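Novice: First to last, the protein sequences are chains P and B. Heads up, the first sequence is in the numbering used here, so the first residue is 1 and it goes up one at a time. Heads up, the second sequence is in the numbering used here, so the first residue is 1 and it goes up one at a time.
To be clear, the hints were calculated from the coordinates, so they are not data collected in a lab. Here the structure is a predicted model, which means the values were calculated and not measured. All C-beta atoms in this analysis are idealised placements derived from N, C-alpha and C, irrespective of residue type, glycine included. A couple of the hints might just be wrong.
Which bits of chain P does chain B cover? Going by a derived footprint, with three or more residues having C-beta under 8 Å, they are [claimed, not checked]:
{"hint": "1", "segment": "33 to 47"}
{"hint": "2", "segment": "99 to 107"}
List time: in silico EDC-like cross-link candidates among lysine to aspartate or glutamate, alpha-carbon distance up to 20 Å [to be verified]:
{"hint": "3", "chain 1": "B", "residue 1": "K17", "chain 2": "B", "residue 2": "D56"}
{"hint": "4", "chain 1": "B", "residue 1": "K71", "chain 2": "B", "residue 2": "D38"}
{"hint": "5", "chain 1": "P", "residue 1": "K57", "chain 2": "P", "residue 2": "E17"}
{"hint": "6", "chain 1": "P", "residue 1": "K36", "chain 2": "B", "residue 2": "D38"}
{"hint": "7", "chain 1": "P", "residue 1": "K51", "chain 2": "B", "residue 2": "E62"}
{"hint": "8", "chain 1": "P", "residue 1": "K56", "chain 2": "B", "residue 2": "D102"}
{"hint": "9", "chain 1": "P", "residue 1": "K36", "chain 2": "B", "residue 2": "D102"}
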Amino acid sequence: GQQVMQIPQYQHVQEGEDFTTYCNSSTTLSNIQWYKQRPGGHPVFLIQLVKSGEVKKQKRLTFQFGEAKKNSSLHITATQTTDVGTYFCAEGSARQLTFGSGTQLTVLP
Amino acid sequence: EAQVTQNPRYLITVTGKKLTVTCSQNMNHEYMSWYRQDPGLGLRQIYYSMNVEVTDKGDVPEGYKVSRKEKRNFPLILESPSPNQTSLYFCASSLNPTLSTDTQYFGPGTRLTVL
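Model the full assembly from the supplied sequences, consistent with the hints where possible.
Specialist: Shown next as structure tokens:
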């Protein structure tokens, strides 16, 4: 599968601050999926973006897919301690998910 | 309850001792897959199966085998484990592998240590 680069690798924020993680690809992505993995847990599907320029919201989470379909972002507004975990982007195909390396979010109370 | 189960959840073994990690799903999913997760590398696919008796290599298949004799089960076999296979392993399944919008459901993970 093609490479999906994700930054930053780690992010520490104070509770109430915002958080953003970015995924980039050198080639056009067919879609982007976002997963959250709590410490000690397994990846859990959050959302999928398919269309160019698509923006979706889930409460305090905002997901964007770039116009060129080569990048995506996940933004969390006013983080809470329950947001702690690693966030992965992944491109899905009929055969596999190609994951970014993930961003590990720590929220300090 | 719809779920993907893996056994064992934790395993410590020695180099060369054959082992099998089982994976089972109760959602009648056609597609199943194995990933390994290592720090800084995200999740990398080992093998996948599009349906019964149909399996194929993922990105890191060396040292692993799989089989898909039944729809619900997809065991991962390490014939001769080595220390570089120490990792966290996840099984996943999805309903329709022909759809690029298909989403995957992950099992709880198996933490394997090979001494």
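Novice: I'd like to know which numbered hints this structure contradicts. Please list them from smallest to largest.
Specialist: 3, 4, 7
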